[in-house]
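Undergrad: Chain residues, written in single-letter form:
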Amino acid sequence: MNEDLKKTLLNPIFKGNPITVLVLGICSSLAVTVQLKGALVMALSVIIVTGLSSLVVSLLRNSIPNRVRIIVQLVVVAMMVILVDQVLRAYAYSIDKQLSVYIGLIITNCIVMGRIEAFALGNKPIPSLLDGLANGAGYGMILVIVAFFRELLGSGTLLGFRVLPESYVPNNLVILPPMALIILGCIVWVQRSIQKDLQEK
Amino acid sequence: MCSYLAVSKNVKTANGLGIAVIFVLLCTLPLNYLLNKFVLQPGALAWLGDGFKDVDLSFLSYILFIAVIAAFVQIVEMVVEKFLPSLYSSLGIFLPLIAVNCAILGGSLFMQQREFLNVGEAATYALGSGIGWWLAIVALAAIREKMAYSKVPAPLKGLGITFMVVGLMGMAFMTFMGISL
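Residue numbers (my numbering), protein chains in the order written: chain X, 1 to 201; chain U, 1 to 181.
Since the hints were made in silico from the structure, they are not lab data. Keep in mind that the hints are not guaranteed to be accurate.
Cut-off 25 Å, straight-line C-alpha distance, at most; resulting in silico cross-link-like pairs (BS3-like, lysine-lysine) [stated by the list, open to error]: (1) X:LYS37 to X:LYS97; (2) U:LYS37 to X:LYS196; (3) U:LYS82 to X:LYS15.
Derived coverage of chain X by chain U (criterion: at least 3 residues anywhere in the stretch with Cβ under 8 Å from a Cβ of chain U; other residues may be distant) [stated by the list, open to error]: (4) 62 to 75; (5) 170 to 182.
Every value quoted in this text rests on a predicted model; they were computed, and no experiment measured them. Where is the CB? At the ideal position from N, CA and C, for every residue including glycine.
Please model the entire structure based on the sequences and the hints provided.
TA: If you want it as structure tokens, here you go:
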């Protein structure tokens, strides 16, 4: 059992990463990765939402009728997102403004729904919570890597502090959304060169 | 965005999904606009009487918007199943997945930020963003069909190269607005 829990926790972070292997949740990873700070907040919010909604759905799994499960799941997820949004608005208003609609779009982030459908509906609450948290973390990791490169090359800063010397001319191309996709492509490239079994024919 | 990558393997299904998205967007956005104007905005419930003037329900908007969208997708699914069974079987699972398509909920959320003047304006915005999505998915599907004949490094095959193609396409679309570097 302990071995299983460990696998549940570690698998989504590298080997079964939700973004680069399962192709879930691409949408928000483009928009919020211009600044490292926004990416960190977004990553944290997603970890909380996936973990808690997996837990709640797993607790309810025996009483949800199969036919209306999508709507029930959406309501649970929407409730968690509203909680996160209200907390952010109260304690970090400027970041909330910067992330704008993308906090709301966590609802339609396929990672959340995907993990609920694939894992939480058929497993006990504790493994579901761990699975949700781990998938959120795997997503957050990619988000932070992309944001690291975009902020470093795009503005020469990290978390708002200047890292590269003043003489560095910022590459504004990296700030545009398409570059996030190209960086993601490179991450996939690196990962699949290491793990040969993931390559497609 | 996820269905954007998953369904764009051939032009025909991409086309069907694109049209379904245009339709759902065109129906849900004006509906959500009315919902926002008469129920959710701060002070929107004033038509119920003076006692409701200070009610602010905007924190409920995510739940209501997603409920409207989910209900509409359900209707579209039933209609397509009844009258166009061939299209239904070719779209398969991706039809219900429109409900979690970011383009649609995103449309409603941007609409809330932009403060359109009337329903017509909201509907035009929906039509525009729907057609844009359709154009992009059909173009990507066409590129991917052609790409089957080209030599791509093995680790980059499939997902990796698709990301990069989308990135380059995004840059091409951006030139319509003009890029300032």
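Undergrad: Against the structure shown, which of the earlier numbered hints fail to hold, in ascending order?
TA: 2, 3
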